[in-house]
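Number of protein chains: 2
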Amino acid sequence: MNNTFTKNAVGRMIPAEINGKPVIPFKGVGKHRPEGRKTAPMIATCADYPSDGDKRVAGLKEALVKAGIQNGMTISTHHHFRNGDLVANEVFRIASELGIRDLVWFPSASFPCHEPIIGYMEDGTIHHIEGSMNGPLGRFTSRGKMKGVGVLRSHGGRYQAVQDGDVHIDIAVIAAPTADPFGNANGVTGSSACGLLGFALADSQYADRVIVVTDNLVPFPCIPWQIQGNYVDYVVEMDQIGVPEKIVSGTTQVTKSPDRLYIAELTAQFCEEAGLIREGFSFQAGAGGTSLSIGIYFAEIMRRNGIKARFARGGSNKYLVDMLEEGLVEYILDGQTFDLDGVRSMRDNPRHVNTSPFTSYNYHGKGNFAGIVDIVILGATEVDVNYNANVVTHSDGYLLHGIGGWQNCLFSKNVILPIPLFRDRVPVIRDEVTTICGPGELIDIIVTERGIAINPRRKDLIEKMKGSKLPIKTIGQLKEEAEAICGVPKPAAFTEKVIAAVKWVDGTVIDVVRQVREDA
Amino acid sequence: MNNTFTKNAVGRMIPAEINGKPVIPFKGVGKHRPEGRKTAPMIATCADYPSDGDKRVAGLKEALVKAGIQNGMTISTHHHFRNGDLVANEVFRIASELGIRDLVWFPSASFPCHEPIIGYMEDGTIHHIEGSMNGPLGRFTSRGKMKGVGVLRSHGGRYQAVQDGDVHIDIAVIAAPTADPFGNANGVTGSSACGLLGFALADSQYADRVIVVTDNLVPFPCIPWQIQGNYVDYVVEMDQIGVPEKIVSGTTQVTKSPDRLYIAELTAQFCEEAGLIREGFSFQAGAGGTSLSIGIYFAEIMRRNGIKARFARGGSNKYLVDMLEEGLVEYILDGQTFDLDGVRSMRDNPRHVNTSPFTSYNYHGKGNFAGIVDIVILGATEVDVNYNANVVTHSDGYLLHGIGGWQNCLFSKNVILPIPLFRDRVPVIRDEVTTICGPGELIDIIVTERGIAINPRRKDLIEKMKGSKLPIKTIGQLKEEAEAICGVPKPAAFTEKVIAAVKWVDGTVIDVVRQVREDA
Numbered sequence: 006m007n008n009t010f011t012k013n014a015v016g017r018m019i020p021a022e023i024n025g026k027p028v029i030p031f032k033g034v035g036k037h038r039p040e041g042r043k044t045a046p047m048i049a050t051c052a053d054y055p056s057d058g059d060k061r062v063a064g065l066k067e068a069l070v071k072a073g074i075q076n077g078m079t080i081s082t083h084h085h086f087r088n089g090d091l092v093a094n095e096v097f098r099i100a101s102e103l104g105i106r107d108l109v110w111f112p113s114a115s116f117p118c119h120e121p122i123i124g125y126m127e128d129g130t131i132h133h134i135e136g137s138m139n140g141p142l143g144r145f146t147s148r149g150k151m152k153g154v155g156v157l158r159s160h161g162g163r164y165q166a167v168q169d170g171d172v173h174i175d176i177a178v179i180a181a182p183t184a185d186p187f188g189n190a191n192g193v194t195g196s197s198a199c200g201l202l203g204f205a206l207a208d209s210q211y212a213d214r215v216i217v218v219t220d221n222l223v224p225f226p227c228i229p230w231q232i233q234g235n236y237v238d239y240v241v242e243m244d245q246i247g248v249p250e251k252i253v254s255g256t257t258q259v260t261k262s263p264d265r266l267y268i269a270e271l272t273a274q275f276c277e278e279a280g281l282i283r284e285g286f287s288f289q290a291g292a293g294g295t296s297l298s299i300g301i302y303f304a305e306i307m308r309r310n311g312i313k314a315r316f317a318r319g320g321s322n323k324y325l326v327d328m329l330e331e332g333l334v335e336y337i338l339d340g341q342t343f344d345l346d347g348v349r350s351m352r353d354n355p356r357h358v359n360t361s362p363f364t365s366y367n368y369h370g371k372g373n374f375a376g377i378v379d380i381v382i383l384g385a386t387e388v389d390v391n392y393n394a395n396v397v398t399h400s401d402g403y404l405l406h407g408i409g410g411w412q413n414c415l416f417s418k419n420v421i422l423p424i425p426l427f428r429d430r431v432p433v434i435r436d437e438v439t440t441i442c443g444p445g446e447l448i449d450i451i452v453t454e455r456g457i458a459i460n461p462r463r464k465d466l467i468e469k470m471k472g473s474k475l476p477i478k479t480i481g482q483l484k485e486e487a488e489a490i491c492g493v494p495k496p497a498a499f500t501e502k503v504i505a506a507v508k509w510v511d512g513t514v515i516d517v518v519r520q521v522r523e524d525a
Numbered sequence: 006m007n008n009t010f011t012k013n014a015v016g017r018m019i020p021a022e023i024n025g026k027p028v029i030p031f032k033g034v035g036k037h038r039p040e041g042r043k044t045a046p047m048i049a050t051c052a053d054y055p056s057d058g059d060k061r062v063a064g065l066k067e068a069l070v071k072a073g074i075q076n077g078m079t080i081s082t083h084h085h086f087r088n089g090d091l092v093a094n095e096v097f098r099i100a101s102e103l104g105i106r107d108l109v110w111f112p113s114a115s116f117p118c119h120e121p122i123i124g125y126m127e128d129g130t131i132h133h134i135e136g137s138m139n140g141p142l143g144r145f146t147s148r149g150k151m152k153g154v155g156v157l158r159s160h161g162g163r164y165q166a167v168q169d170g171d172v173h174i175d176i177a178v179i180a181a182p183t184a185d186p187f188g189n190a191n192g193v194t195g196s197s198a199c200g201l202l203g204f205a206l207a208d209s210q211y212a213d214r215v216i217v218v219t220d221n222l223v224p225f226p227c228i229p230w231q232i233q234g235n236y237v238d239y240v241v242e243m244d245q246i247g248v249p250e251k252i253v254s255g256t257t258q259v260t261k262s263p264d265r266l267y268i269a270e271l272t273a274q275f276c277e278e279a280g281l282i283r284e285g286f287s288f289q290a291g292a293g294g295t296s297l298s299i300g301i302y303f304a305e306i307m308r309r310n311g312i313k314a315r316f317a318r319g320g321s322n323k324y325l326v327d328m329l330e331e332g333l334v335e336y337i338l339d340g341q342t343f344d345l346d347g348v349r350s351m352r353d354n355p356r357h358v359n360t361s362p363f364t365s366y367n368y369h370g371k372g373n374f375a376g377i378v379d380i381v382i383l384g385a386t387e388v389d390v391n392y393n394a395n396v397v398t399h400s401d402g403y404l405l406h407g408i409g410g411w412q413n414c415l416f417s418k419n420v421i422l423p424i425p426l427f428r429d430r431v432p433v434i435r436d437e438v439t440t441i442c443g444p445g446e447l448i449d450i451i452v453t454e455r456g457i458a459i460n461p462r463r464k465d466l467i468e469k470m471k472g473s474k475l476p477i478k479t480i481g482q483l484k485e486e487a488e489a490i491c492g493v494p495k496p497a498a499f500t501e502k503v504i505a506a507v508k509w510v511d512g513t514v515i516d517v518v519r520q521v522r523e524d525a
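Heads up: the protein sequence lines correspond to chains S and F, in order.
Position one of the first sequence corresponds to residue 6 (the numbering used here), numbered consecutively onward.
Position one of the second sequence corresponds to residue 6 (the numbering used here), numbered consecutively onward.
Just chain S, with the same shape it has in the complex:
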């Protein structure tokens, strides 16, 4: 194993290998040029599949055995069921029962409901996770207890990794709220409806074996087919694949915190004054309480000025669907639905369109949608004085969040981070972030309850905001104000052990996360 470290383009030390595979350190935005060809699945033949199209097998265990499950394989699942997923745990329960060892779990995201996975890491069934390690899995990993090194990717980076062959999926297990015996599947109907299945697209296209698991089997054809049965090997029926009330469990409460409301208002005012809210514009807000409030402010500005947005990006929720139905937004291009209004709208409204990480975020494509979006509102756990930002670790060093689409969205024309100046008396703006997830050159505006900082690279926005009554400050001023109140924060204490790598959208490594020193 090669233990040397190299400093990457944002100054972070990157090991030569992760999980025994060589890695490429981050070179700068747009600087890494991929070489070669996409990965190519084996050519299949209809001669090997039932001529009547009926691919059902008796159960998930049989499907996994038929798919040839073996030690060391990579098994993928998707996260459209969010905290209500019942399938991923079941896959590894069966694998453990079969005595399979050292699997790699490659989810599109993980949730607290996946805490049982810790047991399968402890009993040797799972070697490591490539995907977000939210909550309990993150703590377990941050304590150095996972056998391998976690690999975090953005939604687009996950598609890129599969497409480029960086990750080879041996078996994809795609939980589907509705499916037919041929394997066509969707997320808009059935008792476990989750809206769409876009996060499983790469898995269906590139995995060696694809298993569709459903609790709502319909006769062929399952319409719409968000996942195409032509990629599917086996279809399995299960009693229940998800807990409905936990599937659509996005944060769909508008914030009641006066500080958060003020940040939301400032953000919307900034966008209006800077001329970003104009006829035919586009935006992506998100599902947090502050983001929801920003959406509501946007709607007010649009109504007042008679402005229509050409499209909004989801995650969708009631508020965005209302804007669509009111005609304030012509289209929702949606990557995941966060509530039942989102699911219903996607099912019934042709202007509410399901997307995938391929269309929206894959950096190794001929363009993607991210750069087309005018305004994107994102969160961060920390931002540094050079606008670099962190979304995966907290200031105490624990890895508690995935990247999601965050890195991909940084390619939007105007990237705004509305964040509180401090959380639990810990300043959010720092000299250096604990983990760099996004380079500062892509982050344009920081909005806090004490003022707005514009990245000096955005001379156009600075010019436009001259004479504004909004509290425009430098990021240094904001940091000083926070430190005047909370004091200068102590950096997190780590051991030398790398417990996770953070990939950039092009597959290079932008930072690593180390084991937390629990004695510190």
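Possibly wrong hints are sitting among the right ones.
Since copy identity is lost for identical chains, a pair holds within one copy or between any two.
List time: in silico EDC-like cross-link candidates among lysine to aspartate or glutamate, alpha-carbon distance up to 16 angstroms [as the list claims (entries may be wrong)]: (1) Lys418 x Asp57; (2) Lys495 x Asp429; (3) Lys251 x Asp346; (4) Lys478 x Glu102; (5) Lys150 x Asp128; (6) Lys313 x Glu270; (7) Lys71 x Asp53; (8) Lys36 x Glu446; (9) Lys36 x Asp53; (10) Lys418 x Asp59; (11) Lys418 x Glu446.
The set of hints was computed from the structure by calculation and includes no laboratory data.
Small disclaimer: the values here were computed from a predicted structure and weren't measured.
Got chain S sorted already, so can you dock chain F onto it with the hints?
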């Protein structure tokens, strides 16, 4: 060049090479096992594409030059505009003007409107065509005038060939009735609406460079995106890409010929008596006059017996759309729309679903839709006593038709060929067909105005029809009746020169077509 010939599994002599490339002779249905991996396109990067998603260039010539057009390249187009296509001819006009030579034209089908292509074959711009050579192009080819050898594939075989890397598309030109600057495109809206763009799917996924040409540019996003902009390199606006009245020019006249009407009635009666028209069944009829009549008889039977079809396969037309709207058919799964009712229905009715050769016909997939269909009604120019059938040449030897989806549809559960016993006093049932396009083992029933022949392999159907009042005969009897009226037909006269190869759905060669002896 290797000039040896080998006899294939249906007894036809197949050359070792075609256009300098080795070929595999047909081995029997389901006998050829593909090896290796699908072809893999180069990995692209967003860094090479406009960050705002605007891929427009000034014109088709500029796009072709930017795409790197060179001698010997393969250029593809699709045929959704049918006889109203204005784009393919323009591509080769520009190529000729640029002095490019020896191109391969790889259309999904050709039509009489493409007669100008003959000029580009004569001036050396085009070396040969891989795709149907209908009408004038077929006569030109049958006279031995094309520089290379034509290669005929079914719609599914075309997808297979691209997917497997048998055909490498250098530049795909996708004419789109509606598109946005990112390259998202569809066929359901715009003045040149043709319904869908499924025949261009493989081209978009696998070509090195993809050019979308449109006469109806809309702001991003173009919804629906039947072609995804993430595969597209350049977008070009043209004044007009198709002649609307020639785009939707399917044969949508119900036959008035008493013989044809009788054949249609016999076919429908046979299906009813054999129990093939049952609750939840599926069928694919087609657009010819006889097929339309069969559809109308089916509708009557279904109404009378209170039967609903789960789905019908398109090509769609007014009659099929009426059945959908009446509720006789739950879904139309459609590969091409033949009239404006088809276009409208596909645009507005979520139960009228666009499909592609990938979903419907690709034999080198994990199954496809063809085998799921209960009844398929197909045509043929000739059938032999072993039920082998021909769809590409006439009995005079001229290559005048493409294969279309015909070979793919042979995998349906019940394949019925309603054909006249003779055409222009030439018997249609022969000892040997001029060109074998489909092996007899896949063809179940021949319906003529003088009787119905059931393939002896279908003991189940023979059993079911015992005691029927329908004129069930052997195929030998039918041949004798025809010859009693018209005499024994003379086989077509050919030179030794192979002018086209007919591929089977798995990429093997099932037959070749030779130059017609015009002195014969």
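Taking the hints in turn, this is what the structure says about them:
no., hint, verdict
1, Lys418 x Asp57, "between (49 angstroms within a copy, 8 angstroms between copies)"
2, Lys495 x Asp429, "within (14 angstroms within a copy, 95 angstroms between copies)"
3, Lys251 x Asp346, "within (15 angstroms within a copy, 43 angstroms between copies)"
4, Lys478 x Glu102, "neither (59 angstroms within a copy, 60 angstroms between copies)"
5, Lys150 x Asp128, "within (12 angstroms within a copy, 71 angstroms between copies)"
6, Lys313 x Glu270, "neither (19 angstroms within a copy, 56 angstroms between copies)"
7, Lys71 x Asp53, "within (13 angstroms within a copy, 42 angstroms between copies)"
8, Lys36 x Glu446, "within (13 angstroms within a copy, 57 angstroms between copies)"
9, Lys36 x Asp53, "between (44 angstroms within a copy, 11 angstroms between copies)"
10, Lys418 x Asp59, "between (47 angstroms within a copy, 13 angstroms between copies)"
11, Lys418 x Glu446, "within (12 angstroms within a copy, 60 angstroms between copies)"
The structure does not agree with the numbered hints 4, 6 stated previously, though it agrees with the rest.
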